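Following the hints, position chain B against chain A.
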Amino acid sequence: ETGVTQSPTHLIKTRGQQVTLRCSSQSGHNTVSWYQQALGQGPQFIFQYYREEENGRGNFPPRFSGLQFPNYSSELNVNALELDDSALYLCASSSPVLNTEAFFGQGTRLTVV
Amino acid sequence: AQRVTQPEKLLSVFKGAPVELKCNYSYSGSPELFWYVQYSRQRLQLLLRHISRESIKGFTADLNKGETSFHLKKPFAQEEDSAMYYCAFRANTGFQKLVFGTGTRLLVSP
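Chains as they are written, first to last, in this note's numbering: chain A, 1 to 113; chain B, 1001 to 1110.
Same shape as in the complex, but just chain A:
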């Protein structure tokens, strides 16, 4: 059984640029959620994807968008990067049908300069 993997592990971008983060879900999990974790804070829910569609969103602006692919892997895209977007971005996969807990990836550390 493979775990949740995220790429890249670290990234530095300039304000105004766009970024794409990637996540491979754990085997058998069809739901992927993305979280933003700022320094000293707990993870904040961005959105969730199920069957290739966004089916829940937290308090994040539209410049945060995503995709889910038929193999359940997912991307998080952030446009027009701002300095406050600097954070650890976590991906989690789960299976609502099996009522599993969320399994997290190692995260991508994004620094916006």
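Keep in mind the hints are simulated off the structure, nothing from the lab. Worth double-checking, as some hints may not be accurate.
What the hints assert, rightly or not - Subject to a maximum C-alpha distance of 35 Å in a straight line, what follows is the list of computed DSBU-like cross-link-like pairs (lysine-lysine):
(1) A:13 <-> B:1009
(2) B:1097 <-> B:1065
(3) B:1009 <-> B:1022
(4) A:13 <-> B:1065
(5) B:1057 <-> B:1097
(6) B:1022 <-> B:1057
Bear in mind that the values here come from a model prediction, so they are computed numbers and not experimental data.
Quick look at chain B alone, frame taken from chain A:
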């Protein structure tokens, strides 16, 4: 509003001492409660969830719906318990969103 409160940023104890990490939640429905742990340089991982009623690594947590609390306890702390602990809840609706607290760093000294 949906919220999780972990009042202590840092809890420092000696090895063998009892530990209690506090967690209170604010949610009008019936939540599912979790404790996640993050050891140094490792990913966030589940420690325990209230529906399983298991004791993991000597830790237990009881859901108190009257006090809306889910405190994490261990009678005798070990140095390897040093880590960041996050309390979280999920609405019992099938939706997978987790609401996390800000976390408590547990430091167990020899």
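Status of the hints after comparison with the structure:
1. A:13 <-> B:1009: holds (30 Å)
2. B:1097 <-> B:1065: Holds - the C-alpha atoms of residue 1065 of chain B and residue 1097 of chain B are around 20 Å apart, at most 35 Å.
3. B:1009 <-> B:1022: Holds, because 10 Å separates the two Cα atoms, which is no more than 35 Å.
4. A:13 <-> B:1065: Roughly 45 Å between the alpha carbons, so the hint for residue 13 of chain A and residue 1065 of chain B is violated.
5. B:1057 <-> B:1097: At roughly 26 Å apart (the allowed maximum being 35 Å), residue 1097 of chain B and residue 1057 of chain B satisfy the hint.
6. B:1022 <-> B:1057: holds (18 Å)
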